[in-house]
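With chain A's structure known, arrange chain B with the ligand on it following the hints.
Chains as they are written, first to last, in this note's numbering: chain A, 1 to 110; chain B, 1001 to 1422.
Check before you lean on any hint, since a few could be wrong.
Once the Cα atoms are required to be at most 30 Å apart in a straight line, the calculated DSSO-like pairs of lysine-lysine come out as [claimed, not checked]:
hint, chain 1, residue 1, chain 2, residue 2
1, B, 1031, A, 30
2, B, 1186, B, 1231
3, B, 1186, A, 48
Since the hints were made in silico from the structure, they are not lab data.
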Amino acid sequence: MGNLFSLITGRTIGQADGLHKGAGSEAHLKATALVQICQEDMNRLGIKEGDIVRIRSNAGQVEAPALKGDLPTGILFIPMGPTANELVETDTLGTGMPPFKGLRVEVERI
Amino acid sequence: MSAVFENVTCKFCGCLCDDIAVEVEDRRILKAKRACPNGLGMFLNYDPTLQSPLVEGKEVEWDEAVSAAADILSRADSPLIYGLSSTSSEAQRKAVELADRLGAIIDSTSSVCHFPTTLGFQMVGGAACTLGEVKARADLLIFWGCNPMEAHMRHFTRYSANAKGFLTPNGRRDRTVVVVDVRPTKTAKTADRFLQIEPGTDYEVLTSLRALIKGKDINEPVGGLPSEQIKELVQMMKTCRYGVAFFGMGLTMTAGRGYNVAEIFALGAELNQYTRFFAMPMRGHGNVAGADQVITWLSGYPAAVSFARGYPQFGPGEFTSVDVLARRETDAALIIASDPMAHFPRKAAEHLERIPAILMAPVTNCSSQVANVILPTACYGIDAPGTAYRMDNVPIRLRSVMQKVRPTDEEMLMRIMEAVKQ
Ligand code: SF4
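Excised from the complex, chain A in its bound form (with noise of 0.2 Å):
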């Protein structure tokens, strides 16, 4: 499968703003749901910026709008919210944390 990716999450003004107008708000969860992912990859699977595409983690699994973004190949960006919940693990390697960024998703387009 090459369409095996690494996961990052984290903030965007956005996703605080969304925040603000409560969690959970419509602001909120729509800052939230999305996926950015970068030209190369987007034209390597045939994606279109805002065609949904499904996330697979070993958690679970979401559908969200592609978003043209920044980064590079092999690397997907969800901001920190309920859709990136979904994604990632609870496995902390004894450290409390889970692993917010670095996750190995697979995407499709739907």
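Just chain B with the ligand now, kept in the frame of chain A:
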């Protein structure tokens, strides 16, 4: 009639900017001058009116809510007290006392942001400085795996890249800014040098820097960086007047976690053979550093502490919240000023739906949806005064800009403690 309060502290993020001018009219905040969009959102969206506590979704009197909360906590075999990063240090102190009384596990949101920093610090120690010194002296700033342009938006202007200080009168022109990250973040775009490393190679790159500083030679690329670039960075670090490496979750959340942080702390300390150099974590929430401080004064450990045996035990991976919840090792939760339902991996958050939970917070959030008892408390820094620790561990006063009508977290914790005693 509106009133303006000068030099108010914003407690949204670890910068704790204490220069905000807040305009208030009829107990509503109209303006928060100088606050960044993140801080502004906090000031403008908070509604300080008194709200009834809820038990099982029904509005009740405060006495009833307190006894419901006390009931849940006293019945539990292994209660978890979690959060604390947006409350005051006065309240944090009461939370530790309550944990001690209940034989509970106490853990802060540090657990899912800079807890690996604690682990790294415990391994190798570190050299620390304040943001005031950074502003006055630092001529080399390295931002490693952090993105202040989006997460700590006034860090640059108040303390670091653009700040004008005693030995840095020309601000940005007197400083060199280097960003190390796996992607070109907004912060990277403002840097003098951006070193884009391959994901998951922070440890290797940091170790190479340390090796070069110790006089070893490296002739192959590391983490995707040509060795010349790494050598050049070493040269910059050794020859600067005062350097600081700020780091964020790019180090704490990726493979290596605490070991990555140990490397950056060791690097900072070792550079003091040549110049003055420090490493500082970019702490996220306003008083998450305070949670580490307070829990440490009182128990000896900064987070992930269990009082189940009658004395404090420290257990990374054992008493850290995500582990405790994912393994279903707690049967009641007291969530203070945080939102684990929004931030935890689903498998951990799910357990919170199963067990009785109490939420003590000034605003409704995702965790409100699963809490059996909701205690809408005052917001420190808006309608209640208190103390918070900035990311450099300097305590800063949180002022209140209006008379409070809601109880504070500290008051609520004391009442719950009384009820638990009975
Ligand atoms: S940088 Fe942080 S503390 Fe300063 S105004 Fe923005 S959110 Fe508030």
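These are the hints, each one checked on the structure:
no.: 1; hint: 1031/B to 30/A; verdict: 26 Å, holds
no.: 2; hint: 1186/B to 1231/B; verdict: 25 Å, holds
no.: 3; hint: 1186/B to 48/A; verdict: 24 Å, holds
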